Amino acid sequence: MTLTPKISSKPKLAVYKFSSCDGCQLSLLNLEDELLDLAQAVDICYFLEATRTVKPGPYDIGLVEGSISTPHEAGRIKQVRADCKILVAIGACATAGGIQALRNSTSAEDYAKLVYPHPEYLHYLETSTSIAENVEVDLAVWGCPVNQHTTLEVITALLQGRKPNFPPSPVCIECKRNGTQCVLVAQGIPCLGPVVHGGCGALCPANGRGCYGCFGPSSAGNFDSMISILEKLERFPGEAARLLSNVNCHAPAFRKAANDLLAASAGKEAE
Amino acid sequence: MKTIEVPALARVEGEGGLYIGLKDGQAVEIRLDIYEPPRFFEGFLVDRFLQEVPDITARVCGICPVAYQMSSVIALENALGVEVSPQVHALRRLFYCGEHIESHALHIYLLQAPDLLGQPSALELAAIAPQVVKDALRLKKIGNEILKLIGGRSVHPVNACVGGWHRWPDVPPLKALLPDLRWGLEAAIEYVKWAATLPYPELEIDYEFVALHHPEQYAVIEGEVWSSKGSKLAVADFEQHYLEEHVKHSNALHGHTKAGGNYLVGPLARLNLNYGQLLPAAKEAMQQAGIELPLTNPYKSLIARAVEIVQAYQEAIQIVEAYHPDGPAHVELELKAGEGTGASEAPRGLLYHRYQIDERGRVRFARIVPPTAQNLPRIEEDLLALVPQIVEMPQEEATLIAEELVRAYDPCISCANHFLKLKIENRD
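Chains A and B, in that order, are what the protein sequence lines are.
Under my numbering, read the first sequence as residues 1 to 271, first letter to last.
Under my numbering, read the second sequence as residues 1001 to 1428, first letter to last.
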């Protein structure tokens, strides 16, 4: 995409929800200090969680929360793409299919039967997929939930016609910067910090627990090395694969690493 | 009245639709449709290790992740027979104060009040009542601050675990919040008066209220399940008396009592059942505002939320003032097979969880009964009661009042599983 698109001086903003928990849209409403200024800087044309007012498109910026998990959503996202000049996927559901993508590795029908007495009443797709797997996406903001200041930075950058600044380093570096003692090295706690996008501020290690990957796989992550370390640290069988099989389970790098781990443990059992 | 259709109901969390079918001026069919995609949480909790559960259940709802975490950890602790220390318990109540404040402030000022004041959103409300919106955002922000200081972040916090907390939150930042909490308490008391003066549509309903009740404190994470019709149950017996059925138009399950009646959970139910346990500031705020119980108008759940914000601020001050962590932040768990139930008062009402776990601490079975699923049949029946009042109104007005009723429930359609489309169709 071009990051200096022709957007008006007061761009039209639309915020959409697909399969999700609402938490990433909420992170916009949680910008208590900036919300009213933001509403001055952009023209909020469609944001159902915040307002009944719906102004017709096309829109300059569309923020999409949620994954595509129903036939209706698979159709609707195409219209959303057509309505928005710049489409931004926000959050783990929109960037990687979300926690509901846990169904992708098994049968959605089995889950439906577990939860609902009449699964035949439901309309769902076999898989939960990211927005980018369905339509072209211009920017992806990772996180479960997204860091609200990163979302604000994206909007600000688009207003200024520049590239947004995303947290550059993995969670592991955020720990070092915070002066948090390494939970993996010092306490032997399985932690995904070295292979996960920064952005949360390394909250889990700061609370004495391992990172479970809310911000998705870091492009710089050495997964082979990570796997070999995690395998040794497991406190119960399958722990490492479970860490990877969470809110970003459908992100390709996490999926591959989890499958490698599962294959390795199946190999051991066979021995 | 001809066919009325609102393509999407705004200012609710999630997606659903509302359909009202009329014949000869009478409602012949009312349906609240839930389009929110099913996400199968209870399915993928199976086989997870119990400590993973609070991280996963939080993702049911971004507005009330604390409720989902608390009901899970309590249920899993019950399965293991674990008791937490009074300090762990107090901090959980403080955590919940944060969530009640942020969620109620969001609902009152950003979601419901714009309706009562004839505005499409809080942004327009800010133009005519700037101080209200400014105070509202500050009230809400302080709630989120509590969540951040305890849980690291306000949406999907990371510090709660089965057995207590991963670590004690630091003392100085919590104590440093006291001036804000004291401001919040004063502001919240003033806004109860404001809430009492808003123009509510008239609708009185003979509700069966259901909420947790505890003799010594305003029940949030403890106590029995009480009903205004007299039943008093241990949480473990919840499913024997409150049932869910799967209705065809909905991706959510609908709750009812064993006798087949609808019941109401949420702030109105809590306030009406547990007035006696309110802290003094909340009682005083009600008295000053001239609020008398019972409150039986669903639109006036806003007033109950405003009172609960006072309650939460006063309690938050007490807990923070007394906060002095010592001893372990969590109990070391001894794994064993078992079953446990847990309930807590999410901002929108009673949230019940039940888990079975095996000897290695893996979930074998999970059941979640969210508050909005319990309220859905009640909302439909309230709409039925509303129809005679709105049937002669101009379409736009009728639609708005019906839509506002749904919104007053603060339905968390993401939780109940959810795009509200309102369609009132004349089938004459």
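A hint or two may mislead.
[Stated by the list, open to error] Stretch by stretch, here's where chain B covers chain A in the computed footprint (C-beta under 8 Å, at least three residues):
1) 20-27
2) 31-43
3) 66-73
4) 97-105
5) 134-144
6) 207-214
7) 232-243
Worth flagging that the hints you see were computed from the coordinates, not collected in a lab.
Owing to the predicted nature of the structure, the values given are computational and were not obtained by experimental measurement.
Think of the CB as a built atom: it goes at the ideal place given N, C-alpha and C, for glycine as much as any other residue.
Check the structure against each numbered hint from earlier and tell me which ones fail, lowest number first. Violated hint: only 5; rest satisfied.
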